Amino acid sequence: QQPVQSPQAVILREGEDAVINCSSSKALYSVHWYRQKHGEAPVFLMILLKGGEQKGHDKISASFNEKKQQSSLYLTASQLSYSGTYFCGTELAGAGSYQLTFGKGTKLSVIP
Amino acid sequence: DSGVTQTPKHLITATGQRVTLRCSPRSGDLSVYWYQQSLDQGLQFLIQYYNGEERAKGNILERFSAQQFPDLHSELNLSSLELGDSALYFCASSVGGTGNEQFFGPGTRLTVL
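Residue numbers (the numbering used here), protein chains in the order written: chain A, 62 to 173; chain B, 946 to 1058.
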């Protein structure tokens, strides 16, 4: 049930773009994206609900492909502040499903 | 600052002992979630409470228990501690349940010696 994230790690230079993928083998109700910096708590980025929606947050956006049960997080024109570990969390479709299951994370390092 | 508070920040104890971690959710949030984060396991969902009632249970050991009180604060009790229980324990809160963003507290770092 744990979603699979790829890549596990990526190194970018400032200004470069990156895509982080999250896929599930089960039907999803929602996908959550969080960023965690070393030694800190995860911070919410965005939620995508089933329906194939796409959302944007400054230069960070995400999409959710309901047919493939996949979500992608797009980081454009990366900044040093984007460094951290990105987690996707998934909620399964179905009544009473309140559990958020996180992937193992993607470590993003942005260098000057 | 997410508005979620957790105490204590650090806890060092010995194997076999029992500890209690405390969480106060953001004002207005009815749901509280507990997560365990260790290096090799990532963020593991333990349990969720909504307005005092248990709503979902994840990979929570029988030695662990939790409750949410009428004032909505929550406690996570860990007993018969083992070395492998050493981890960061996060509490998060949200307004409702499904489909709501979760706000994480700063965490409690538990070290079992």
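Worth flagging that the hints you see were computed from the coordinates, not collected in a lab.
Small disclaimer: the values here were computed from a predicted structure and weren't measured.
Heads up, the beta-carbon is just placed ideally off N, CA and C, and yes, glycines get one too.
Any given hint could turn out to be false.
To be verified - Covered, in the sense of this in silico footprint (three residues per stretch, anywhere, with C-beta under 8 Å from a C-beta of chain B), are these stretches of chain A:
#1 68-82
#2 96-106
#3 132-142
To be verified - Distance condition first, Cα-Cα at most 30 Å in a straight line; then the derived DSS-like pairs of lysine-lysine:
#4 A:168 with A:87
#5 A:98 with A:111
#6 B:954 with A:129
#7 B:954 with A:165
#8 B:1002 with A:168
#9 A:87 with B:1002
#10 A:98 with B:1002
#11 B:1002 with A:111
#12 A:129 with A:165
#13 A:98 with A:165
#14 A:87 with A:98
#15 A:168 with A:98
#16 B:1002 with A:128
#17 A:111 with A:128
#18 A:129 with B:1002
#19 A:168 with A:120
#20 A:165 with A:111
#21 B:954 with A:168
#22 B:954 with A:98
#23 B:954 with B:1002
#24 A:168 with A:129
Claimed, not checked - If you want the ones that stay clear, here's a sample from chain A, every Cβ over 10 Å from chain B, calculated:
#25 119
#26 120
#27 121
#28 124
#29 126
#30 127
#31 129
#32 145
#33 173
**Prompt:** Of the numbered hints stated previously, which ones are contradicted by the structure, given in increasing order?
**Reply:** Of the numbered hints, 1, 3, 6 do not hold.
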